[in-house]
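Colleague: Residue-level listing of the chains:
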Amino acid sequence: MATTVPILPKASAWKLFFKTVFARAYPRVVGQQREKSWMFFDIFLPILSIAAYVYVYRAIGAPEEYIGFVVMGGAMTAFWLNVLWSMSSQLYWEKEQGNLALYIMSPSSMMAILLGMALGGMLATLLRASVILFIGGWLFQVRFVVVDFWLLILVFFLTMTALYGLGMMSASLFLLLSREAWHLANLAQEPIYLISGFYFPVKNLGFWIALGASLIPLTMGLDAMRQLIFPSATQFGFLDVRIEVIGLAVLCIIFLLGARLLLNYMEKLAIQEGRLTESRR
Amino acid sequence: MQTRLTNFLTFYWRSFRLATWLGWQIESNWADPFLFAIYSLIKPLSSAAILVIMYSIITQANFDSPIFPYIYLGNAFYMYVGHVMTGVSWAVIDDREHYKTMKYIYTAPVHFPSYLLGRGVARFIIASISVVVTILFGVLFLKISIDLTQVNWAFFLLTVLTGVVMLALMGLTLAGIMLLLVHHMFGVGEAVAGALYLFSGAIFPLEVLPVYLRPIGFLMPITYWLELLRRLLVGKVASSFPTLQSFSNLQLFLILIVMTLFFAIFSIIVFHACEKRAKDLGLIDTITNY
Chain A
1 MATTVPILPK ASAWKLFFKT VFARAYPRVV GQQREKSWMF FDIFLPILSI
51 AAYVYVYRAI GAPEEYIGFV VMGGAMTAFW LNVLWSMSSQ LYWEKEQGNL
101 ALYIMSPSSM MAILLGMALG GMLATLLRAS VILFIGGWLF QVRFVVVDFW
151 LLILVFFLTM TALYGLGMMS ASLFLLLSRE AWHLANLAQE PIYLISGFYF
201 PVKNLGFWIA LGASLIPLTM GLDAMRQLIF PSATQFGFLD VRIEVIGLAV
251 LCIIFLLGAR LLLNYMEKLA IQEGRLTESR R
Chain B
1 MQTRLTNFLT FYWRSFRLAT WLGWQIESNW ADPFLFAIYS LIKPLSSAAI
51 LVIMYSIITQ ANFDSPIFPY IYLGNAFYMY VGHVMTGVSW AVIDDREHYK
101 TMKYIYTAPV HFPSYLLGRG VARFIIASIS VVVTILFGVL FLKISIDLTQ
151 VNWAFFLLTV LTGVVMLALM GLTLAGIMLL LVHHMFGVGE AVAGALYLFS
201 GAIFPLEVLP VYLRPIGFLM PITYWLELLR RLLVGKVASS FPTLQSFSNL
251 QLFLILIVMT LFFAIFSIIV FHACEKRAKD LGLIDTITNY
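The listed protein sequences derive, respectively, from chains A and B. Under the working numbering, the first residue of the first sequence is numbered 1, with each subsequent residue one higher. Under the working numbering, the first residue of the second sequence is numbered 1, with each subsequent residue one higher.
In short, the hints are calculated from the structure, not lab data. Incorrect hints may appear among the rest.
Unchecked claim - Below, computed lysine to aspartate or glutamate pairings styled on EDC-like, alpha-carbon distance capped at 16 Å:
no., chain 1, residue 1, chain 2, residue 2
1, B, K100, B, D285
2, B, K43, A, E190
3, B, K103, B, D285
4, B, K236, B, D147
5, A, K203, A, E65
6, B, K100, A, E96
Please read these numbers as outputs of a predicted model, since none were measured by experiment.
Please put together the full structure from these sequences, using the hints given.
Modeller: Here it is, written out as structure tokens:
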């Protein structure tokens, strides 16, 4: 007896888009929690760096606010590392493992795949960053006093949107890279910690350097969050929080639009140059 | 008997030499030399600059204080720890997971521990360039005062070399452990390097640590190594902190030698035990695709 294969109704473009976002976010949120050792290292390593910088500040007699700045900056490194290694260079890893060609061939939008990666990564990293903040705050007796809770939420939301937008945009650039992707991602750690003021107020780098560094959303985001969490930090702030909110909103638009345009362009270029399946280890 | 010994040494040397060449190609040939040079310098200079800016904010750029060369030189020499120790152990991950060549190397007529040590040499060369440039930057722009005529260069080079050997042996121990780990091995090297950074007094005197954590620092050979290197370069400035004040340079060197010998024996035992266990469990060429 012949069996008939049921023909599923074709999903609408939007439905397919959201299903893809969910499907790509799922392994980020659920899968990463399953690998307990990764969670340990993701939390333990930033705490080691935080502790080292805290003790440097203590050795040179820094005011207590700086300990809080370091703990906050250290927690935010989790987001930067996630964007760098699990967003920007993700398409390179997918290429290495042979998944990229499948993504391109599937009827899903690449933008949906990147958005899913971003949302999943953001949620998983939020959990880690919260634990780092909590442990760091507890270990070093940091006093957090939130000045304006809703403004803090807004700043965090805008920072994350712009940051992961930047990650989506750079992912398309990494699409063309091969072996060098790993090295370039590696290169973008310490220099960014430096110019974005992860461990000190960015204002100290001087106006123009801080302004240039503000292209990285964490610069203004971290500065604004410090001003909202440590009341005395307003004197160390680079710009007024309201200006930083506007700046972050502008970055969100630029990076999300940029991600879409660049992804289309790079995908075409990669196909033309035959670099989607290339693997130069 | 002598021929047999010569053959053994030739075998070890060949494995080491070829691994050194291979390691250098892997580390450097992904970019043109100019880009590679920039890459090799930007990272270490940035991490040094973070400390310099932190210091200058709090002290209003008072670079004459003895704590500044303590922090700066400790951070500069600590680059060897990250590069050499994790360089040797990372070769296990690189060959097993990335290049997927571990089983071929393992079955080839290669002395495996010598091969792993050889793979760390490229990182040692890169670290040496970074250390020299960082110190040069400090001398030229940050008032790090090193009197070249006062430095006992032979003693200094001997200390550097002893420390590098010790780090390579610690890396070999880690490499053995990594042979047994599958999913969680990516963070192990960084975690060990991070912990050593914190407890070895690399960037702050051990007195700053809580009392109950200080003994960890005294158990680590890197603590003595860094102290001795600082003293040999900046003399009394480095010995003005109470941590190891009661030890003379020679005593510090002897402690370093004893600890290095201990690590030599320890690393050989641990590596062979881990290697045997990895063989028994069939983990030598396990690929997780993570």
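Colleague: Next step is simple, just say for each hint if it's right about the structure.
Modeller: Status of each hint after checking the structure:
{"no.": "1", "hint": "B:K100 x B:D285", "verdict": "holds, 8 Å"}
{"no.": "2", "hint": "B:K43 x A:E190", "verdict": "holds, 6 Å"}
{"no.": "3", "hint": "B:K103 x B:D285", "verdict": "holds, 5 Å"}
{"no.": "4", "hint": "B:K236 x B:D147", "verdict": "holds, 12 Å"}
{"no.": "5", "hint": "A:K203 x A:E65", "verdict": "holds, 15 Å"}
{"no.": "6", "hint": "B:K100 x A:E96", "verdict": "holds, 12 Å"}
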